[in-house]
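K.L.:
Per our numbering, the sequence shown starts with residue 254, numbered consecutively.
Hints are computed from structural coordinates only; laboratory data are not their basis.
Mixed in with the good hints there might be a few duds.
[What the hints assert, rightly or not] Beta-carbon label-pair distances, calculated as ranges:
{"#": "1", "residue 1": "D1012", "residue 2": "R637", "range": "36 to 46 Å"}
{"#": "2", "residue 1": "D284", "residue 2": "D722", "range": "50 to 60 Å"}
{"#": "3", "residue 1": "K1164", "residue 2": "V869", "range": "52 to 62 Å"}
{"#": "4", "residue 1": "P1131", "residue 2": "Q292", "range": "49 to 59 Å"}
{"#": "5", "residue 1": "L1017", "residue 2": "L640", "range": "24 to 34 Å"}
As the structure is a computational prediction, the values presented were derived from the model and not from experiment.
Just so you know, even glycine gets a beta-carbon here, dropped at the ideal spot from N, CA and C.
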Amino acid sequence: MLVVFECRCGWTVPGQWLAVVGSASQLGAWDVSRAVKLQTSASSFPVWSSGDVWLSEPAGRGGPQGAPDAPVEFKFLVGDLEGSAVIWEQLPCNRRLLQRGFSSGVRYRASFGEEAHEEIPLAPSSPAPAKTQQQQQQHEATWMGRSRESFSSSLKRLASGVDLSPQSVSGGGGGPSSLCAAPEGPPSPSCTQLLGPGGPPAASSPSGTSRALKALAEGNASAPSWGAKLELVKRTVAAAGDGISLARASPEQLVAAIDALCYAGIYTEFVRQGAVSCQEDGRHFRPNRHANLSRDVSVHLELLLQAVGSRGDDLASALRLVIRSIPPALPSFADAFRAAQPLTRIRNIAHRDDIPMDLKNEIKHTIQNKLHRCAGPEDLETTRNLLQRIQADRSRYSVGFVSELETFYGELCAFFNQADLCQRLRELRAGESPRTAEAIDRYLDAKARSDAPGASPTKLLLTLGLATDLRIVLTLQLRDAGQVPEGEMQHTQNKRMAELQLEDAAFVLLSRLVNSFEEQETGFRWTDAIEALYLGARNIEASGVRAEECRAIQRELQSHARGDLEDDEALLLLKATVDRTRRLCQDITDVLLAVFAHRVELLGGLLGVDPLYRAVYAEGRIRSNVVFQLSKVSHVLLRSLRQHLHQQPYDVLVAGCFVGSVAVFETLSAAASALLLNTSQRTSNCSKANTSEDAPYKPLLVCARTASGDEEVAGIDCGGTCAAGVVIGHDIPILSHLGVRARQQRLPFVACQDSTAFDFFCALDGQWVEVAAFPESFSCRTLEAADAATAVEEQRKARLWQKRSSEDEEVVVAPFARSGSFAFGSLVQAARYVESSSQPPQLLPSERIKLASCGAKAATCARLEAAADAALQKDEEPVFRAPKCLCLPFGSMEWALHAEGHHEAFHALLKELDAADFDAEELEKLCSRMQQLILTLPLPNGVHQTVKLFFGPKARLCLRSSANVEDLAGMSAAGLYESVCNVPVCDVTAIQSAVCTVWASLFSRRAVLARKVANIPQREACMAVLFQELLVPELSFILHTGGIDRHPASSDSDFTEASTQDTQPQTPEVYAELAPGLGEILASARMRGSAYRMLVDRETGAYKLLSACSFSNVIMPVIPRSKSYMTLRDNGSVAPATPTLEPEKLLRVKVYDQTADPFASRELRAQAAKQIAAVAVALGEPQDVEGVFTKAGLFIVQARPQA
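Can you make the complete structure from the sequences, with help from the hints?
P.N.:
As structure tokens, then:
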């Protein structure tokens, strides 16, 4: 029976976990170490829930455990931060659940420590047609932000951060229109989510369990023999991708195929390894039946590989990986094994006159008869044991007998597809073209020379190169084969197996190269490591995984191998390529884990496979893959480059020294939500006296594996249990919005460049550490309990002293800087458009855009435009340019709400938002209601016409937020609100959706939460919308013209020396980050990797390159050709085509290639540095500047006072 456990428990603190343990083996059999852990997230806390738990029917009879109606007993428990003890529910008796009465499964819902519970039947999958869903979606609001996850950053994603599908697996939308849902709803699924246990509804049975899982688990009970199991595999594989075109399949359809094929692959491997035993079933079939079944399966697998075509997304890569895992576990279907009486040599051996009678009988009964009656993998083991026994006492037997037995064993290995690679290649050679035959000969000769244990890296690389070349030749032949004729299927199987074995050979050669490099430590030749990386990337491409990125990496590595490796800037460019290669390996590892880890546990549990074998299966898949060795080569080369460049594997976004207890989270969003909720509950449950200076203080080092960049960190360093510092498990741009918010909070913030660096913190989970994080150095040491208590007390006193000092300071509103941007430290009192006015609000031109009516961002952009225009009017070459703009002022949203009759509902929701506490579930619902109210609003009359006249009908726009609650003291709000890029002027619906998206972002959960932390009433917040002409950038940049603070203000009195450095004079250097494509890649933390980082001398324009661009992808606007705006009708007339509203059609992700990046040139970097220095001088006061380089020059798109 399928069960989903839900438990409500709101008093847990960060680092604690909740689990269910019980009498059933699937619930750990009361073993806490095997308990099923429940999960929670920022949006679902305090509700914890399990995945699908399949409780099998009792097997025995006659006792309480074996009775069919016997209930499963269980309890919930909570593990503490240190993991040394657990907290059990205090109930009079165990919880009980009957294993009957629910045909489609049950959801068991309860609260921790309370007897009351609900047993809710799981609803079968709805077969509602897609047409009905589309009709429902026509009445829903359209969201045009970056993606729905903009407001919900708890998404687990791949290391690259790229989401592979716009669709929700549970939403069931037939296409991108499924985006038309509440922006605060569940985020779009990443590849890792889609490939999670059980797959999406498309791959599920009515009970919610995967059809393939259920078919294999139930079918195995009635398929004891190997032949019957192969029949079961054949049916499962045949159902994968049935009736769909994989090249154009939706993510849900691809996952359904992956699900079936993955379970089939795991099952065949279980059988091959003996984890699932084979037994005779009373039927008699010769081995040719097994060969014919294998042929049917192999033909279908090859057709699936051809059907997926050149599709390059991660789901297609996962499908190829899964398909490639199946052939080695299938028997050969060579002609000799498909004959009417195959493997007859053993019969002749059993009738020889030169062996003892007992040996004759043993061979006849245990091998000959068994093979011809009911062959199975166990026969290979039996024959191997017999041969070893004979060879150990060879003198007792005739040479002819031993030779014949060895020959038969080779034939049996061939039947079970375990032939040696060299033998297989020699067999292939006879049927191949002279060119392929020559490639085979060259590889075999090189292999013979490099097999010696002491072979040099040169010989190993030569052999690896020839193996890779031969593998690619075979791969291309298989890809282009099409429908293989009947007579060539055996040759095709041999070719596929040779290609797979060549991949294994590449794995071994890379492993030997890694050992050679490590033995030499830093003395190995970098060119050898570069060539090894190049050949490893070629092997991954040959597997059909991330082919486009693999080709870009290969081009970059070839360029580096020809370049000057003595120059530091060239080494930084090389390090960027090695970084993205390592990240590629991590991405593929994540896909392998997502595909295999949960499924092997589910299937293995139902089949009774040894838990230890299940636990290491997915890891074995990774460690036997070429990416494992490629990641080791990357690690060795990165370590050497870092030593040469004097770099550390950490990026310190905000420096600081502190003490804290390590708490590991999957996402930064989950950590922030848990800390804020904990602070809220303590505040509401404790008296004022208890929240004063005597309140318990527990600082945490928050270690989050991933961050989306949308998290609001304001407030997580407050309260008793709070963040003293943050470490995230991947690199992000230092000047990203998340980094800006952390700097304003003065919260020490560190990003790990290497996954191994983050693993160090994971190993310290629950321990007390002392951290000193600086740009030049990073140290972390563990503390004993007594030392930790002393250090925490000192830190608490310093914290209280800082709090009193800040309360005594008077907030000063800074004057208007000569740059034209606004700096202020308190809420801007907005001059709103009167919402009850009979006249609709109008767009304001740049000369009428003011701080009070449009906000600081819009006013700054208007003044930047005016300054650039003034220079042009004087016939001077401007230092910078600015896009022309319009602004829809404050109060426009309120006017639209009033005009639509939503005035009272809006103000009622404002009051509810102010009254709501930090509870994620309640706040989520209120924010969703508010956004739905806003997203349906029409544009005020005249807005579209004004935009069309001002920008022109063919222009494309970027609509930006400009709120009165940005750049405040204690809340910078950098990146907190939405912008929508690439909106076509000709489409009124797109403009309406974009405007409403910007308005609605004022009431995202994280925006509301940020204002609550800053004690700003929700009614005080208002939003203007800035319309700017879209610029197509060659390069985007973010500048901190005042440099970045390189020295922390420590919270510990022991570090006063470091804190005094904070008063040093302002550095003349500008800190710059640059990357190809749109600036979203720099402002957010969505794309994994680092940008070009430079320090520029504002006086001379000289620069120092700190890092090169290591992004795997860049973001570009989709600019359609002019004809694509029109559609030819049947009568020959033309009319505007229906525009697209999906963000995926407005922006595109493009694979980055350093060799095609002009900024990789030293000359262009020097030229850009001089322009950046001139901008910094022109702006005067320290500014946080966002802009782009286009063919027309340098443009500033927005600026704010530097935090």
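K.L.:
Now tell me, hint by hint, if it's right for this structure.
P.N.:
The hints, checked one at a time:
At about 40 Å, the beta-carbon gap between D1012 and R637 stays in the expected band of 36 to 46 Å. Between D284 and D722 the CB atoms are about 52 Å apart, so this pair conforms to the stated range of 50 to 60 Å. Range check, K1164 to V869: about 56 Å between beta-carbon atoms, so the 52 to 62 Å window is met. The given range of 49 to 59 Å is respected by P1131 and Q292, whose C-beta atoms sit roughly 54 Å from each other.
In this structure the hint that L1017 and L640 lie 24 to 34 Å apart at CB is violated, the actual value being about 51 Å.
Consistency note: the structure conflicts with earlier hint 5 alone.
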